[in-house]
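*Asks:* The lines below spell out each chain.
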Amino acid sequence: MRDFYGVTLSNAMMLGTAGYPSPAVMEAAFRGSGAAVATVSLRREAGEGQGFWSIIRSLGVRILPNTAGCHSAHEAVTTARMARDLFETNWIKLEVIGHADTLQPDPFGLLQAAETLAADGFEVFPYTTEDQVLAQRLIEAGCRVLMPWGAPIGSGMGLMNRQGLRMLRAASPDVPMVIDAGLGLPSHAADAMEMGFDAVLLNSAVSQAGDPAAMARAFALAVQAGELARDADPMGVRDMAVPSTPLLGKAWL
Amino acid sequence: MTDVTIIGAGVAGLFAAHELLRRGVHPRILDRNGPPGPHGCSWWAGGMLAPWCEGVTAEPVVARLGAGAASAWAEITPVTHNGTLVVALDRDRAELSRFARRATGHQSCDTAEAEPDLPRRQGLIFPDEAHLDPRRALADLQAKLAAQGVQIETAAATPEDVPGTVIDARGLAAGLPGLRGVRGEMVVLHAPDIRLSRPVRLLHPRHPIYLVPRRDGLFMLGATQLESASRAPVSARSALELLSAAYALDPRFAEASVFELGADLRPAFADNVPRVIVQGRVLQLNGLFRHGYLMAPALARQAGDYLLSGTKGELVHEG
Chain A
1 MRDFYGVTLS NAMMLGTAGY PSPAVMEAAF RGSGAAVATV SLRREAGEGQ GFWSIIRSLG
61 VRILPNTAGC HSAHEAVTTA RMARDLFETN WIKLEVIGHA DTLQPDPFGL LQAAETLAAD
121 GFEVFPYTTE DQVLAQRLIE AGCRVLMPWG APIGSGMGLM NRQGLRMLRA ASPDVPMVID
181 AGLGLPSHAA DAMEMGFDAV LLNSAVSQAG DPAAMARAFA LAVQAGELAR DADPMGVRDM
241 AVPSTPLLGK AWL
Chain B
1 MTDVTIIGAG VAGLFAAHEL LRRGVHPRIL DRNGPPGPHG CSWWAGGMLA PWCEGVTAEP
61 VVARLGAGAA SAWAEITPVT HNGTLVVALD RDRAELSRFA RRATGHQSCD TAEAEPDLPR
121 RQGLIFPDEA HLDPRRALAD LQAKLAAQGV QIETAAATPE DVPGTVIDAR GLAAGLPGLR
181 GVRGEMVVLH APDIRLSRPV RLLHPRHPIY LVPRRDGLFM LGATQLESAS RAPVSARSAL
241 ELLSAAYALD PRFAEASVFE LGADLRPAFA DNVPRVIVQG RVLQLNGLFR HGYLMAPALA
301 RQAGDYLLSG TKGELVHEG
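Residue numbers (UniProt numbering), protein chains in the order written: chain A, 1 to 253; chain B, 1 to 319.
Check each hint, because a few of them may be wrong.
Said to hold, decoys possible - Take a look, some chain A residues computed to stay more than 10 angstroms from chain B by CB distance:
#, residue
1, VAL25
2, GLU27
3, ALA38
4, GLN50
5, ILE55
6, GLY60
7, HIS74
8, GLN112
9, VAL133
10, GLY142
11, GLN163
12, ALA213
13, VAL237
14, SER244
15, THR245
Unchecked claim - Computed from the model, here is a short list of chain B residues facing chain A with C-beta under 7 angstroms:
#, residue
16, THR57
17, ARG135
18, ARG136
19, GLN225
20, GLU227
Hints were generated in silico from the structure; no laboratory data involved. Yeah, the Cβ is synthetic: ideal placement off N, Cα and C, and Gly gets one too.
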């Protein structure tokens, strides 16, 4: 699927730009992984990080600004408008944080901000949970992409509620979905792709690794592996052994 | 070669002057703001000479060349050779083992032995690291230059204005391509009841901080690192985060007086490694990032080597 508001991405990996040892290391992570989208946080660096912005622009990938760190719909909407002016894109990854410790989304603020932004012409990528009711409401509000979490931001725990994510995927098979937040290992990303998600978004898993460029490459391979596996239609799970070698051909000794 | 002019009297320019004098070259120093002060980012530094801790995230060349900084500074200003203590809060103990795995030059320690004043925790000690007081170091460096007849002249200049060989050490004002400002915010606390004998770094997944003890019960608490070129005063959020982390390290910091709040920009290239860029008769010394005191000696040495013997060190870029 991999069609996000009419844009087909060359690669199912999105990569954040925060927390790298240096912009040069960040650039190496992008080059090594071929990530197609760079997310950029705006809130604390409002408009004055020109040197850093020009490095991000020079990556030559599509930019997805986010509203990281916003704790209210109003704050998120203001940040989104600032991002649109700065990066000349209607894409916005909408984060409205509801809890300072878990950084889990505030579903009410998220929906409110999504309605406002969609009405204002934004193409909203809402950072949400696996909650199906909320997902439905976000779609009704005009979101054509969803970004359910794997686990709390920066926790590296992987897909915490696999059953819930499966149900979400199955409930809206036509809505592109990106697993955002909580992935720590390439196997988590492969898992998400095998489950039928359309892309993954990472930041800390790469930027906090001892060798971010190598880890970015490992994630890229895992994303590709998961996608190939999904498209190859995996075998079913059985509760008994099935020999792969036919007993018939076995020599009678 | 006696005709060398240094523009910029921050740590890079002053150390370059010191290095040239050692080699018998008597430079002029120009700075649009005169002697070092709050107008320059060297003023706001922590003064940690911590190549092994920095090596966890910095490029290997920083740790390698920074290892000589403490002895180079000791010829100029008091340097405390007492190591660095790295600690984590109990719930972040995994951060400590990760840091240990990625760093060299440390041993594990009991903080109650290293710093009896702090709440007891598991920690790491980097015995070969050191620290200095940056403002004192700048003053001592300036005095040492003055004793050899080199005064800082208050004059705005660009390399084009000056004949002969020029060392341009103006930091961000040099406006070099690829050079960006990385915002840092710091707090000076007065807490005469707390005694620390070395810099303490608190590893924290959200708000890592360090505290560097200074004279007279003062502590430098730093520092944020934001990809922003804003020179606005310290934000409430940053102050809250820095102070909360200090409070988590030792609750007695809640009673400290906030002596000073400072914010400035660190000049940095994309790899956060400083450079000597050779442009004809002009040498650009820039991009010291958060390693001004750690890297100024090596950067000055490589500039001196290039000027006087044509030796091209690994920080030197011809172009």
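*Asks:* Now tell me if each hint is right for this structure.
*Replies:* Cross-check of the supplied hints:
With a least CB separation of 8 angstroms from chain B, VAL25(A) falls inside the 10 angstroms interface cut-off, contrary to its annotation. Look at GLU27(A): its CB is around 7 angstroms from the nearest CB on chain B, not clear of 10 angstroms, so calling it non-interface is violated. Taking the minimum C-beta to C-beta distance to chain B, about 13 angstroms, the non-interface status of ALA38(A) holds against the 10 angstroms cut. Once the 10 angstroms rule is applied to beta carbons, GLN50(A) is inconsistent with being away from chain B; the minimum gap is 6 angstroms.
Its closest Cβ contact with chain B, about 6 angstroms, brings ILE55(A) to no more than 10 angstroms, contrary to its assignment away from the interface. No Cβ of chain B comes within 10 angstroms of the Cβ of GLY60(A); the nearest lies about 15 angstroms off, and the non-interface call holds. With a cut of 10 angstroms on Cβ distances, HIS74(A) stays outside the contact zone with chain B, its closest approach being about 17 angstroms. For GLN112(A), the non-interface assignment is confirmed: its Cβ lies about 23 angstroms from the closest Cβ of chain B, beyond the 10 angstroms cut-off.
VAL133(A), annotated as away from the interface, keeps every beta carbon of chain B farther than 10 angstroms; the closest lies near 31 angstroms. Taking the minimum C-beta to C-beta distance to chain B, about 31 angstroms, the non-interface status of GLY142(A) holds against the 10 angstroms cut. In this structure GLN163(A) is separated from chain B by more than 10 angstroms, as the shortest Cβ-Cβ distance comes to about 28 angstroms. For ALA213(A), the shortest C-beta to C-beta distance to chain B comes to about 13 angstroms, beyond the 10 angstroms cut-off, and the non-interface label holds.
Every CB of chain B is more than 10 angstroms from the CB of VAL237(A) (nearest about 34 angstroms), matching its label as outside the interface. No beta-carbon of chain B comes within 10 angstroms of the beta-carbon of SER244(A); the shortest separation is about 41 angstroms. The claim that THR245(A) lies off the interface holds: its Cβ sits roughly 44 angstroms from the closest Cβ of chain B, which is beyond the 10 angstroms cut-off. Hint status for THR57(B) relative to chain A: holds, with the closest Cβ pair at about 4 angstroms, below 7 angstroms.
For ARG135(B), the interface hint is violated, the least distance from its beta-carbon to any beta-carbon of chain A being 27 angstroms, above 7 angstroms. A hinted interface residue such as ARG136(B) counts as satisfied when its beta carbon comes closer than 7 angstroms to some beta carbon of chain A; here the least separation is about 30 angstroms, so the hint is violated. Hint on GLN225(B) is violated. Least Cβ distance to chain A is approximately 10 angstroms, over the 7 angstroms limit. For GLU227(B), the suggested interface contact is upheld, since its CB lies about 4 angstroms from the closest CB of chain A, less than 7 angstroms.
Of the numbered hints stated above, those contradicted by the structure are hints 1, 2, 4, 5, 17, 18 and 19, listed in ascending order.
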